[in-house]
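Engineer: Here's the letter readout for the chains.
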Amino acid sequence: MTGLSRRRLLLGGAAAGAGAAATLGAARAGILPVASAEPSADAAGVNGERTVPFHGPHQAGVTSAPGAHAVYLALDLLPATDRDRLAAWLRLLTDDAARLTQGRGALADLEPELAVRPAGLTATFGLGPEAVRRAGAKAPAWLGPLPAFPEIDALEDRWSGGDAVVLLHGDDPTSIAHLARMIVRDSRSFATLRWRQAGFRRAYGSDPSGTTMRNLFGQVDGSTTPKPGDAAFDAAVWAGSEAPAWLRGGTSLVLRRIAMDLEGWDEVGVDGREASVGRRLSDGAPLTGGAETDPIDLEARDASGFTVINPAAHAARAHVADPARGIVRMGFSYDDPVEPGATDSQGRPAVSNVGLLFGSWQRDVDAQFVPMQRRLARADLLNTWTTPIGSGVWAIPPGCEEGGFVGEGLFA
Amino acid sequence: MHVRPLALAASAAAALLLAGCATDAASEDAALTVTDPWVKTAVPEDMMSAAFGTLTNTTDEDITVVAATSDAFPTLELHEVVDGSMQAIDGGFAIPAGESLTLEPGGLHLMIMELPEAIEAGDEVDFTLELSSGETVDFTATAKDFDGGNEEYHGSDMDMGSSE
Chain A
1 MTGLSRRRLL
11 LGGAAAGAGA
21 AATLGAARAG
31 ILPVASAEPS
41 ADAAGVNGER
51 TVPFHGPHQA
61 GVTSAPGAHA
71 VYLALDLLPA
81 TDRDRLAAWL
91 RLLTDDAARL
101 TQGRGALADL
111 EPELAVRPAG
121 LTATFGLGPE
131 AVRRAGAKAP
141 AWLGPLPAFP
151 EIDALEDRWS
161 GGDAVVLLHG
171 DDPTSIAHLA
181 RMIVRDSRSF
191 ATLRWRQAGF
201 RRAYGSDPSG
211 TTMRNLFGQV
221 DGSTTPKPGD
231 AAFDAAVWAG
241 SEAPAWLRGG
251 TSLVLRRIAM
261 DLEGWDEVGV
271 DGREASVGRR
281 LSDGAPLTGG
291 AETDPIDLEA
301 RDASGFTVIN
311 PAAHAARAHV
321 ADPARGIVRM
331 GFSYDDPVEP
341 GATDSQGRPA
351 VSNVGLLFGS
361 WQRDVDAQFV
371 PMQRRLARAD
381 LLNTWTTPIG
391 SGVWAIPPGC
401 EEGGFVGEGL
411 FA
Chain B
1001 MHVRPLALAA
1011 SAAAALLLAG
1021 CATDAASEDA
1031 ALTVTDPWVK
1041 TAVPEDMMSA
1051 AFGTLTNTTD
1061 EDITVVAATS
1071 DAFPTLELHE
1081 VVDGSMQAID
1091 GGFAIPAGES
1101 LTLEPGGLHL
1111 MIMELPEAIE
1121 AGDEVDFTLE
1131 LSSGETVDFT
1141 ATAKDFDGGN
1151 EEYHGSDMDM
1161 GSSE
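So the protein lines, in turn, are chains A and B.
Take the first sequence: its position 308, counting from 1, is numbered 308 in our numbering, and each next residue is one higher.
Just add 1000 to wherever you are in the second sequence, counting from 1, and you've got our numbering.
So here's chain A without its partners, still in its complex pose (with noise of 0.2 Å):
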């Protein structure tokens, strides 16, 4: 393995997305394990010390690598909560999360020490309409709940809406929680804790970075999706002059709380589970062939003349032409307690709670997400075992600089 590419592996999300920066110095080299034939471990606890910049253009948490972690925080909005005090609110959150992420503590924070291994922590903040409405700004057209999807949904107020949502991710679960405690801590004069919601990938270490991951029907989940610094990433994602002054620069985010039936997919063999999303479990490639990240032949035809990819499989309904027009999806698996008295899908005391935390950025809801969701609603076989309990809608201010906070421009 070669300096470079050992240093990518150990960089993480780092060295793979663009935007992000790590700000292990040259003198660190001499402490990263040894070249070796085959990916080796972070034995050095290097990636602990990685920051991804706070400031910039862009929320970090969006152009960001996913981390091993992430935690989604909704709260809503005190009635006292005016616009002066949602700018000093917002304010405060910045400033926690601008401290935070690079490894330096809050101001009074009592537990500075859980600080200094931040690895990779970022933080994303989200306004729903109300904190808009609050600001006294216009919100864009597409910025509420979606349209209902009766065919799938089956929403529950607890993993749903929140006037403000806070995404955190990074390697690290005990830096999430140490920022998590903070933000809420900081909040309680503000606004309330709707909900909390946990995902992860796999552990940091576990795959070279940039793997995609998989979710827990063991499917390569999120082959196509764009990456930060794609052409296709920037013109899918980031708002320009459609949308209102205060936004141009960040996007919107769509968070779906996906129970998957784990039962249920018990009961499919490989070729079914294959057939319904249109890709190979083993390494994700396209049933019509290629590796993981070649086009998706959805033409393609068996010797008795039937496409090779079912019409109703996953990947045809959800394929875009033009990834710029689609969706680019930040997935975390979530594996709770059983709650007490659920079954299954058999009518059996439930063993399992388990699905996946959809997240996606975009432009605009509507012209992207909402199609794409209406197609899958209509016809998806992966309906079968995969049931949306939980659904918001966010939009996601611009970055700031040093200074400044998140959200500022609501208030220009």
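One or more of the hints may lead you astray.
A short, non-exhaustive set of chain B residues, derived as facing chain A with CB atoms under 10 Å [what the hints assert, rightly or not]:
{"no.": "1", "residue": "A1031"}
{"no.": "2", "residue": "K1040"}
{"no.": "3", "residue": "P1044"}
{"no.": "4", "residue": "D1046"}
{"no.": "5", "residue": "F1052"}
{"no.": "6", "residue": "G1053"}
{"no.": "7", "residue": "A1088"}
{"no.": "8", "residue": "G1107"}
{"no.": "9", "residue": "E1124"}
{"no.": "10", "residue": "D1126"}
{"no.": "11", "residue": "F1146"}
{"no.": "12", "residue": "G1148"}
Output of the computed footprint for chain B on chain A, the stretches with three or more beta carbons under 8 Å from beta carbons of chain B [unchecked claim]:
{"no.": "13", "region": "98-112"}
{"no.": "14", "region": "181-190"}
Sample of chain B residues lacking proximity to chain A, with all beta carbon distances greater than 12 Å (derived) [stated by the list, open to error]:
{"no.": "15", "residue": "V1039"}
{"no.": "16", "residue": "D1060"}
{"no.": "17", "residue": "D1062"}
{"no.": "18", "residue": "T1069"}
{"no.": "19", "residue": "S1085"}
{"no.": "20", "residue": "D1090"}
{"no.": "21", "residue": "G1092"}
{"no.": "22", "residue": "A1094"}
{"no.": "23", "residue": "P1096"}
{"no.": "24", "residue": "M1113"}
{"no.": "25", "residue": "P1116"}
{"no.": "26", "residue": "L1131"}
{"no.": "27", "residue": "S1132"}
{"no.": "28", "residue": "G1134"}
No lab work stands behind these hints: they were computed from the structure.
Ideal placement from N, C-alpha and C gives every residue a C-beta, glycine not left out.
Knowing the structure of chain A, use the given hints to seat chain B on it.
Structural biologist: Below, chain B without anything else, positioned relative to chain A:
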């Protein structure tokens, strides 16, 4: 002890900018810099509050802070906590050349004695420190909700516990 080496100052200076604190020309050139300043939220019924932060002496001469003022409060005192009781500190806050002094809950602090109105979370409160040289240093503290440090406000009947 509250005296800390200057090595911390570089990162603390960046924090000053982050927090949107006083950065006018006068304070940038000041012999004394104030980093990470914050003030505990309070309502008038609390009667008192306190402000904290790190004071760094950028010169090679010792500096003494002899007083603090704020347009927001009629009375400010420089306090220390000794054996669990807070009291006005004799002679002010002394900061040796090139060193830093941390004001923190349970230790040295700027005591706000009378609260004309509430300090709300996120408020930006202006303070001025007066040095023995006659110079002044302005800074702006961010108000934060803080459940700790209450021992300061209960006179001699408090339990310092693990604060310092």
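Engineer: Now tell me, hint by hint, if it's right for this structure.
Structural biologist: Okay, the hints, checked on the actual structure:
Because the smallest distance between the Cβ of B/A1031 and any Cβ of chain A comes to about 23 Å, over 10 Å, the interface hint for this residue is violated. Annotation: interface hint on B/K1040 holds; nearest CB of chain A at approximately 8 Å, less than 10 Å. Taking 10 Å as the C-beta contact cut-off toward chain A, the hint placing B/P1044 at the interface is violated, the least distance being around 16 Å. Look at B/D1046: its Cβ only gets to about 15 Å from chain A, farther than 10 Å, so that hint breaks.
Hint status for B/F1052 relative to chain A: holds, with the closest Cβ pair at about 8 Å, below 10 Å. This hint holds: B/G1053 has a C-beta 9 Å from the nearest C-beta of chain A, less than the 10 Å allowed. Evaluation of the B/A1088 hint against chain A yields a violated restraint, the C-beta minimum of about 23 Å exceeding 10 Å. Interface hint status for B/G1107: violated, as the beta-carbon distance to the closest one in chain A is roughly 14 Å, over 10 Å.
Interface restraint check: B/E1124 against chain A, minimum CB-CB distance 8 Å, threshold 10 Å, status holds. Taken as an interface hint, B/D1126 does not check out: its beta carbon lies about 15 Å from the nearest beta carbon of chain A, beyond 10 Å. The beta carbon of B/F1146 comes within 5 Å of a beta carbon in chain A, closer than 10 Å, and the hint placing it at the interface holds. Given hint, B/G1148 at the interface with chain A, holds; its Cβ is 6 Å from that chain's nearest Cβ, closer than 10 Å.
Coverage of a stretch by a chain is defined here by at least three residues with a beta carbon nearer than 8 Å to that chain's beta carbons; for the region 98-112 of chain A and chain B the count is 6, and the condition holds. Counting residues of the region 181-190 of chain A whose CB lies closer than 8 Å to any CB of chain B gives 5, which reaches the minimum of 3, so the coverage claim holds. Taking the minimum C-beta to C-beta distance to chain A, about 9 Å, the non-interface status of B/V1039 is violated against the 12 Å cut. For B/D1060, the non-interface assignment is confirmed: its Cβ lies about 27 Å from the closest Cβ of chain A, beyond the 12 Å cut-off.
No Cβ of chain A approaches the Cβ of B/D1062 within 12 Å, the least distance being about 28 Å, so the stated non-interface status holds. Distance to chain A confirms B/T1069 as a non-interface residue, since its nearest Cβ pair spans about 22 Å, more than 12 Å. Chain A leaves B/S1085 outside its interface by the beta-carbon criterion, the shortest separation being 22 Å against a cut-off of 12 Å. The claim that B/D1090 lies off the interface holds: its Cβ sits roughly 28 Å from the closest Cβ of chain A, which is beyond the 12 Å cut-off.
Remark: the non-interface label on B/G1092 is consistent with the geometry, its nearest Cβ contact in chain A lying 24 Å away (cut-off 12 Å). Residue placement check: B/A1094 keeps its beta carbon more than 12 Å from all beta carbons of chain A (closest about 25 Å). Taking the minimum C-beta to C-beta distance to chain A, about 24 Å, the non-interface status of B/P1096 holds against the 12 Å cut. For B/M1113, the shortest C-beta to C-beta distance to chain A comes to about 21 Å, beyond the 12 Å cut-off, and the non-interface label holds.
The Cβ of B/P1116 lies farther than 12 Å from every Cβ of chain A, with a closest approach of about 19 Å, so its non-interface assignment holds. Against the 12 Å criterion, B/L1131 stays outside the reach of chain A, whose nearest CB is about 24 Å from its own CB. The beta carbon of B/S1132 is kept farther than 12 Å from every beta carbon of chain A, the shortest such distance being approximately 28 Å. A cut-off of 12 Å between C-beta atoms confirms that B/G1134 is not in contact with chain A; the least separation is 30 Å.
Checked against the numbered hints above, the structure breaks hints 1, 3, 4, 7, 8, 10 and 15 and satisfies the rest.
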